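Using the sequences and the hints, build the whole thing.
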Amino acid sequence: MVDAIAQQEHTHHLYAESFQVSKDKDFLLISGPSKEELKLFAEIGLNGPDHFDLQWDFGHPASSDWNQAVIALLTHKLAELQQEEKWTTAPKSQAYWEETITQKFNCIRTIVSKAKLHLLDDDQSAETNHQVANRLVKEKDASLKKSRRDAHRMSKYKCRICVTKATSGLSEEGSENEDACAWRFLHDIVKMLGTDGMSSEESGEDDMESVFFTSVMPWQRDIARELRLINAKSCSLGSGMPSKGAKAAKHIKSTNVMLRKLVKALPPQLYNPEWLAMNQKMASEETFQWLDLM
1 MVDAIAQQEH
11 THHLYAESFQ
21 VSKDKDFLLI
31 SGPSKEELKL
41 FAEIGLNGPD
51 HFDLQWDFGH
61 PASSDWNQAV
71 IALLTHKLAE
81 LQQEEKWTTA
91 PKSQAYWEET
101 ITQKFNCIRT
111 IVSKAKLHLL
121 DDDQSAETNH
131 QVANRLVKEK
141 DASLKKSRRD
151 AHRMSKYKCR
161 ICVTKATSGL
171 SEEGSENEDA
181 CAWRFLHDIV
191 KMLGTDGMSS
201 EESGEDDMES
211 VFFTSVMPWQ
221 RDIARELRLI
231 NAKSCSLGSG
241 MPSKGAKAAK
251 HIKSTNVMLR
261 KLVKALPPQL
271 YNPEWLAMNQ
281 KMASEETFQW
291 LDLM
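Numbering (the working numbering), first residue to last: 1 to 294.
Some hints here could point you the wrong way.
[Claimed, not checked] Below, computed lysine-lysine pairings styled on BS3-like, alpha-carbon distance capped at 27 Å:
#1 165 to 116
#2 145 to 104
#3 77 to 104
#4 116 to 92
#5 165 to 145
[Said to hold, decoys possible] With beta-carbon atoms standing in for the labels, derived distance ranges:
#6 92 to 275: 46 to 54 Å
#7 148 to 53: 53 to 61 Å
#8 92 to 24: 37 to 45 Å
#9 143 to 31: 38 to 46 Å
#10 28 to 290: 53 to 61 Å
#11 274 to 194: 16 to 24 Å
#12 69 to 115: 19 to 27 Å
#13 275 to 129: 43 to 51 Å
#14 116 to 291: 51 to 59 Å
#15 148 to 68: 24 to 32 Å
#16 116 to 50: 18 to 26 Å
#17 274 to 42: 54 to 62 Å
#18 40 to 148: 30 to 38 Å
Hints were generated in silico from the structure; no laboratory data involved.
Fair warning: this is a prediction, and the values are worked out from it, not measured in the lab.
For glycine and all other residues, C-beta sits at the position ideal for the given N, C-alpha and C.
Spelled out as C-alpha coordinates, the structure:
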(Lines of atoms letter the chains of each structure in order from A and count residues from 1; the text may use other names and numbers.)
(Lines give C-alpha, C1' and ligand atoms only; values in the text may rest on other atoms or scores of the structure.)
Protein backbone atom coordinates (compact mmCIF):
# COMPACT_ATOMS: atom_id res chain seq x y z
CA MET A 1 0.00 0.00 0.00
CA VAL A 2 2.79 2.41 0.94
CA ASP A 3 4.63 1.48 -2.26
CA ALA A 4 1.50 2.15 -4.36
CA ILE A 5 1.08 5.61 -2.80
CA ALA A 6 4.74 6.37 -3.50
CA GLN A 7 4.29 5.34 -7.17
CA GLN A 8 1.32 7.73 -7.46
CA GLU A 9 3.43 10.51 -6.00
CA HIS A 10 6.19 9.79 -8.52
CA THR A 11 3.67 10.05 -11.37
CA HIS A 12 2.28 13.32 -9.99
CA HIS A 13 5.82 14.68 -9.66
CA LEU A 14 6.58 13.63 -13.25
CA TYR A 15 3.56 15.56 -14.56
CA ALA A 16 4.41 18.59 -12.44
CA GLU A 17 8.00 18.63 -13.75
CA SER A 18 7.09 17.99 -17.38
CA PHE A 19 4.04 20.24 -17.78
CA GLN A 20 4.62 22.83 -15.02
CA VAL A 21 1.29 22.09 -13.35
CA SER A 22 0.30 21.41 -9.75
CA LYS A 23 -3.26 20.11 -10.30
CA ASP A 24 -5.02 18.21 -13.06
CA LYS A 25 -7.36 21.18 -13.61
CA ASP A 26 -4.35 23.29 -14.61
CA PHE A 27 -4.40 21.51 -17.98
CA LEU A 28 -7.53 23.53 -18.82
CA LEU A 29 -5.23 26.54 -19.19
CA ILE A 30 -2.66 24.79 -21.41
CA SER A 31 -3.06 24.81 -25.18
CA GLY A 32 -2.47 21.65 -27.17
CA PRO A 33 -0.71 21.08 -30.50
CA SER A 34 -2.23 22.68 -33.60
CA LYS A 35 -4.02 20.68 -36.27
CA GLU A 36 -1.13 21.35 -38.65
CA GLU A 37 1.42 19.94 -36.18
CA LEU A 38 -0.69 16.83 -35.62
CA LYS A 39 -1.15 16.29 -39.36
CA LEU A 40 2.55 16.69 -40.20
CA PHE A 41 3.58 14.35 -37.41
CA ALA A 42 1.00 11.71 -38.36
CA GLU A 43 1.91 11.82 -42.06
CA ILE A 44 5.69 12.29 -42.17
CA GLY A 45 6.84 12.34 -38.54
CA LEU A 46 7.79 16.05 -38.45
CA ASN A 47 7.15 18.59 -35.68
CA GLY A 48 6.53 15.99 -33.02
CA PRO A 49 6.21 16.64 -29.27
CA ASP A 50 8.88 18.98 -27.90
CA HIS A 51 10.74 17.48 -24.93
CA PHE A 52 11.07 20.97 -23.42
CA ASP A 53 7.47 22.02 -24.08
CA LEU A 54 5.32 18.89 -23.91
CA GLN A 55 1.69 19.12 -24.97
CA TRP A 56 -0.98 16.45 -24.83
CA ASP A 57 -3.45 16.06 -27.67
CA PHE A 58 -6.68 15.75 -25.68
CA GLY A 59 -8.68 15.67 -28.89
CA HIS A 60 -7.54 12.08 -29.47
CA PRO A 61 -7.06 8.99 -27.27
CA ALA A 62 -3.79 7.93 -25.69
CA SER A 63 -3.24 5.50 -28.57
CA SER A 64 -2.76 8.31 -31.13
CA ASP A 65 0.70 8.74 -32.67
CA TRP A 66 1.24 12.10 -30.97
CA ASN A 67 0.21 10.94 -27.50
CA GLN A 68 2.24 7.74 -27.81
CA ALA A 69 5.29 9.93 -28.51
CA VAL A 70 4.51 12.01 -25.42
CA ILE A 71 4.18 8.84 -23.31
CA ALA A 72 7.57 7.63 -24.58
CA LEU A 73 9.20 10.95 -23.63
CA LEU A 74 7.57 10.90 -20.19
CA THR A 75 8.70 7.32 -19.57
CA HIS A 76 12.28 8.33 -20.42
CA LYS A 77 11.99 11.41 -18.19
CA LEU A 78 10.70 9.27 -15.34
CA ALA A 79 13.69 6.94 -15.61
CA GLU A 80 15.96 9.99 -15.32
CA LEU A 81 14.10 11.20 -12.24
CA GLN A 82 14.42 7.76 -10.67
CA GLN A 83 18.21 7.91 -11.06
CA GLU A 84 18.57 11.55 -9.99
CA GLU A 85 16.35 11.29 -6.91
CA LYS A 86 17.41 7.74 -5.97
CA TRP A 87 13.93 6.34 -5.37
CA THR A 88 13.66 3.74 -2.63
CA THR A 89 10.47 2.16 -3.98
CA ALA A 90 10.54 -1.23 -5.71
CA PRO A 91 11.57 -0.94 -9.39
CA LYS A 92 8.77 -1.16 -11.96
CA SER A 93 8.86 -2.18 -15.61
CA GLN A 94 8.60 0.28 -18.49
CA ALA A 95 5.20 -1.21 -19.37
CA TYR A 96 3.97 -0.45 -15.83
CA TRP A 97 4.95 3.21 -16.05
CA GLU A 98 3.52 3.57 -19.56
CA GLU A 99 0.20 2.25 -18.25
CA THR A 100 0.32 4.54 -15.20
CA ILE A 101 1.05 7.60 -17.35
CA THR A 102 -1.77 6.60 -19.71
CA GLN A 103 -4.26 6.22 -16.87
CA LYS A 104 -3.48 9.71 -15.62
CA PHE A 105 -3.79 11.07 -19.16
CA ASN A 106 -7.26 9.50 -19.42
CA CYS A 107 -8.35 11.11 -16.14
CA ILE A 108 -7.13 14.54 -17.25
CA ARG A 109 -8.69 14.09 -20.69
CA THR A 110 -12.06 13.50 -19.01
CA ILE A 111 -11.69 16.75 -17.06
CA VAL A 112 -10.75 18.67 -20.20
CA SER A 113 -13.58 17.11 -22.19
CA LYS A 114 -16.18 18.07 -19.59
CA ALA A 115 -14.95 21.66 -19.57
CA LYS A 116 -15.34 22.06 -23.35
CA LEU A 117 -18.08 24.33 -24.62
CA HIS A 118 -21.14 22.24 -25.47
CA LEU A 119 -23.63 23.11 -28.18
CA LEU A 120 -26.96 24.32 -26.86
CA ASP A 121 -30.32 22.84 -27.83
CA ASP A 122 -30.46 24.85 -31.04
CA ASP A 123 -27.23 23.11 -32.23
CA GLN A 124 -25.93 26.46 -33.43
CA SER A 125 -24.78 28.46 -30.40
CA ALA A 126 -22.28 27.23 -27.81
CA GLU A 127 -22.30 27.58 -24.06
CA THR A 128 -20.82 30.64 -22.42
CA ASN A 129 -18.04 30.22 -19.85
CA HIS A 130 -20.60 30.97 -17.14
CA GLN A 131 -22.87 28.19 -18.40
CA VAL A 132 -19.94 25.77 -18.50
CA ALA A 133 -19.10 26.62 -14.88
CA ASN A 134 -22.71 26.05 -13.80
CA ARG A 135 -22.85 22.73 -15.66
CA LEU A 136 -19.65 21.50 -14.02
CA VAL A 137 -20.97 22.44 -10.58
CA LYS A 138 -24.20 20.53 -11.24
CA GLU A 139 -22.27 17.49 -12.52
CA LYS A 140 -20.06 17.52 -9.42
CA ASP A 141 -23.11 17.81 -7.15
CA ALA A 142 -24.74 14.87 -8.94
CA SER A 143 -21.57 12.80 -8.56
CA LEU A 144 -21.35 13.58 -4.84
CA LYS A 145 -25.03 12.77 -4.44
CA LYS A 146 -24.53 9.39 -6.10
CA SER A 147 -21.55 8.67 -3.85
CA ARG A 148 -23.65 9.45 -0.77
CA ARG A 149 -26.42 7.17 -2.00
CA ASP A 150 -24.00 4.34 -2.73
CA ALA A 151 -22.40 4.71 0.71
CA HIS A 152 -25.82 4.76 2.37
CA ARG A 153 -26.93 1.61 0.52
CA MET A 154 -23.73 -0.17 1.53
CA SER A 155 -24.20 0.89 5.15
CA LYS A 156 -27.81 -0.24 5.08
CA TYR A 157 -26.85 -3.61 3.56
CA LYS A 158 -24.09 -4.28 6.09
CA CYS A 159 -26.36 -3.37 8.99
CA ARG A 160 -29.19 -5.63 7.80
CA ILE A 161 -26.81 -8.54 7.14
CA CYS A 162 -25.31 -8.11 10.60
CA VAL A 163 -28.73 -7.90 12.30
CA THR A 164 -30.23 -10.93 10.56
CA LYS A 165 -27.08 -12.99 11.00
CA ALA A 166 -26.80 -12.26 14.71
CA THR A 167 -30.51 -12.79 15.39
CA SER A 168 -30.71 -16.04 13.43
CA GLY A 169 -27.87 -17.56 15.39
CA LEU A 170 -25.64 -17.83 12.32
CA SER A 171 -22.89 -16.00 14.14
CA GLU A 172 -22.47 -18.83 16.64
CA GLU A 173 -22.25 -22.44 15.56
CA GLY A 174 -24.78 -24.68 17.21
CA SER A 175 -26.87 -21.84 18.67
CA GLU A 176 -30.60 -21.88 17.89
CA ASN A 177 -32.84 -18.88 18.49
CA GLU A 178 -36.59 -19.28 18.89
CA ASP A 179 -37.28 -17.56 15.57
CA ALA A 180 -34.10 -18.76 13.87
CA CYS A 181 -35.92 -20.03 10.78
CA ALA A 182 -37.61 -16.68 10.15
CA TRP A 183 -34.41 -14.72 10.67
CA ARG A 184 -32.44 -17.01 8.39
CA PHE A 185 -35.14 -16.40 5.79
CA LEU A 186 -34.67 -12.61 6.21
CA HIS A 187 -30.90 -13.01 6.11
CA ASP A 188 -31.14 -14.89 2.80
CA ILE A 189 -33.36 -12.16 1.32
CA VAL A 190 -30.90 -9.38 2.18
CA LYS A 191 -27.90 -11.41 1.02
CA MET A 192 -29.45 -12.24 -2.36
CA LEU A 193 -30.58 -8.66 -3.00
CA GLY A 194 -27.12 -7.29 -2.19
CA THR A 195 -26.27 -3.60 -2.04
CA ASP A 196 -27.98 -2.91 -5.38
CA GLY A 197 -31.21 -4.26 -3.92
CA MET A 198 -31.20 -1.68 -1.12
CA SER A 199 -33.37 1.37 -1.78
CA SER A 200 -31.99 4.87 -2.26
CA GLU A 201 -33.28 7.73 -0.17
CA GLU A 202 -33.63 11.48 -0.62
CA SER A 203 -33.39 13.66 2.47
CA GLY A 204 -35.80 16.47 3.22
CA GLU A 205 -37.79 18.15 5.98
CA ASP A 206 -41.36 17.73 7.14
CA ASP A 207 -42.47 20.31 9.75
CA MET A 208 -38.82 20.87 10.74
CA GLU A 209 -38.25 17.14 11.21
CA SER A 210 -35.67 15.18 9.19
CA VAL A 211 -37.32 12.87 6.69
CA PHE A 212 -36.00 10.29 4.20
CA PHE A 213 -38.06 9.63 1.07
CA THR A 214 -37.47 6.05 -0.04
CA SER A 215 -37.48 5.51 -3.80
CA VAL A 216 -39.45 2.76 -5.53
CA MET A 217 -37.87 -0.26 -7.24
CA PRO A 218 -40.62 -1.50 -9.60
CA TRP A 219 -38.91 -4.85 -10.20
CA GLN A 220 -38.69 -5.80 -6.54
CA ARG A 221 -41.29 -7.70 -4.57
CA ASP A 222 -42.92 -5.69 -1.80
CA ILE A 223 -40.80 -6.55 1.23
CA ALA A 224 -41.77 -3.57 3.38
CA ARG A 225 -43.01 -5.81 6.22
CA GLU A 226 -39.82 -7.86 6.22
CA LEU A 227 -37.63 -4.77 6.23
CA ARG A 228 -39.63 -3.23 9.10
CA LEU A 229 -38.88 -6.34 11.18
CA ILE A 230 -35.17 -6.02 10.45
CA ASN A 231 -35.11 -2.28 11.15
CA ALA A 232 -37.02 -2.74 14.41
CA LYS A 233 -34.57 -5.41 15.53
CA SER A 234 -31.66 -3.15 14.59
CA CYS A 235 -33.06 -0.43 16.89
CA SER A 236 -33.53 -2.91 19.74
CA LEU A 237 -29.97 -4.20 19.40
CA GLY A 238 -28.68 -0.64 19.64
CA SER A 239 -24.95 0.04 19.65
CA GLY A 240 -24.04 -3.52 18.76
CA MET A 241 -24.91 -2.90 15.11
CA PRO A 242 -23.10 -0.76 12.52
CA SER A 243 -24.38 2.81 12.45
CA LYS A 244 -23.62 6.05 10.62
CA GLY A 245 -24.01 7.91 13.90
CA ALA A 246 -27.03 9.92 12.78
CA LYS A 247 -30.19 10.04 14.84
CA ALA A 248 -33.26 8.12 13.69
CA ALA A 249 -35.42 9.83 11.09
CA LYS A 250 -38.83 9.29 9.56
CA HIS A 251 -38.89 7.25 6.32
CA ILE A 252 -41.65 7.82 3.76
CA LYS A 253 -42.08 5.72 0.63
CA SER A 254 -42.09 8.10 -2.33
CA THR A 255 -43.34 7.64 -5.89
CA ASN A 256 -39.87 8.28 -7.32
CA VAL A 257 -38.75 5.36 -9.47
CA MET A 258 -35.10 4.40 -9.09
CA LEU A 259 -33.14 4.70 -12.33
CA ARG A 260 -30.36 2.38 -11.17
CA LYS A 261 -30.18 -0.89 -13.07
CA LEU A 262 -32.09 -3.79 -11.57
CA VAL A 263 -30.62 -6.88 -9.92
CA LYS A 264 -30.83 -9.76 -12.40
CA ALA A 265 -30.86 -13.55 -12.01
CA LEU A 266 -32.57 -13.65 -8.62
CA PRO A 267 -35.11 -16.37 -7.73
CA PRO A 268 -38.52 -15.38 -9.16
CA GLN A 269 -39.94 -15.09 -5.64
CA LEU A 270 -37.92 -11.90 -5.09
CA TYR A 271 -39.47 -10.02 -8.04
CA ASN A 272 -42.74 -8.14 -8.34
CA PRO A 273 -45.06 -10.72 -10.01
CA GLU A 274 -46.62 -8.14 -12.35
CA TRP A 275 -43.22 -6.83 -13.42
CA LEU A 276 -41.83 -10.36 -13.84
CA ALA A 277 -44.75 -11.34 -16.10
CA MET A 278 -43.41 -8.82 -18.63
CA ASN A 279 -39.71 -9.59 -17.97
CA GLN A 280 -39.64 -13.34 -17.55
CA LYS A 281 -36.03 -13.84 -18.67
CA MET A 282 -34.69 -11.70 -15.82
CA ALA A 283 -35.21 -14.31 -13.09
CA SER A 284 -33.11 -17.40 -12.48
CA GLU A 285 -34.47 -20.93 -12.41
CA GLU A 286 -33.59 -21.23 -8.73
CA THR A 287 -36.54 -21.45 -6.36
CA PHE A 288 -36.70 -19.77 -2.98
CA GLN A 289 -39.22 -20.75 -0.33
CA TRP A 290 -41.08 -17.65 0.77
CA LEU A 291 -42.25 -17.44 4.37
CA ASP A 292 -45.28 -15.34 5.24
CA LEU A 293 -44.17 -13.77 8.50
CA MET A 294 -46.85 -12.70 10.93
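How the hints compare with the structure:
no. : hint                   : result
1   : 165 to 116             : violated (50 Å)
2   : 145 to 104             : holds (24 Å)
3   : 77 to 104              : holds (16 Å)
4   : 116 to 92              : violated (35 Å)
5   : 165 to 145             : violated (30 Å)
6   : 92 to 275: 46 to 54 Å  : holds (50 Å)
7   : 148 to 53: 53 to 61 Å  : violated (42 Å)
8   : 92 to 24: 37 to 45 Å   : violated (22 Å)
9   : 143 to 31: 38 to 46 Å  : violated (28 Å)
10  : 28 to 290: 53 to 61 Å  : holds (55 Å)
11  : 274 to 194: 16 to 24 Å : holds (23 Å)
12  : 69 to 115: 19 to 27 Å  : holds (25 Å)
13  : 275 to 129: 43 to 51 Å : holds (46 Å)
14  : 116 to 291: 51 to 59 Å : holds (55 Å)
15  : 148 to 68: 24 to 32 Å  : violated (39 Å)
16  : 116 to 50: 18 to 26 Å  : holds (24 Å)
17  : 274 to 42: 54 to 62 Å  : holds (57 Å)
18  : 40 to 148: 30 to 38 Å  : violated (49 Å)
Hint compliance for this structure: hints 1, 4, 5, 7, 8, 9, 15 and 18 are not met, and every other hint is.
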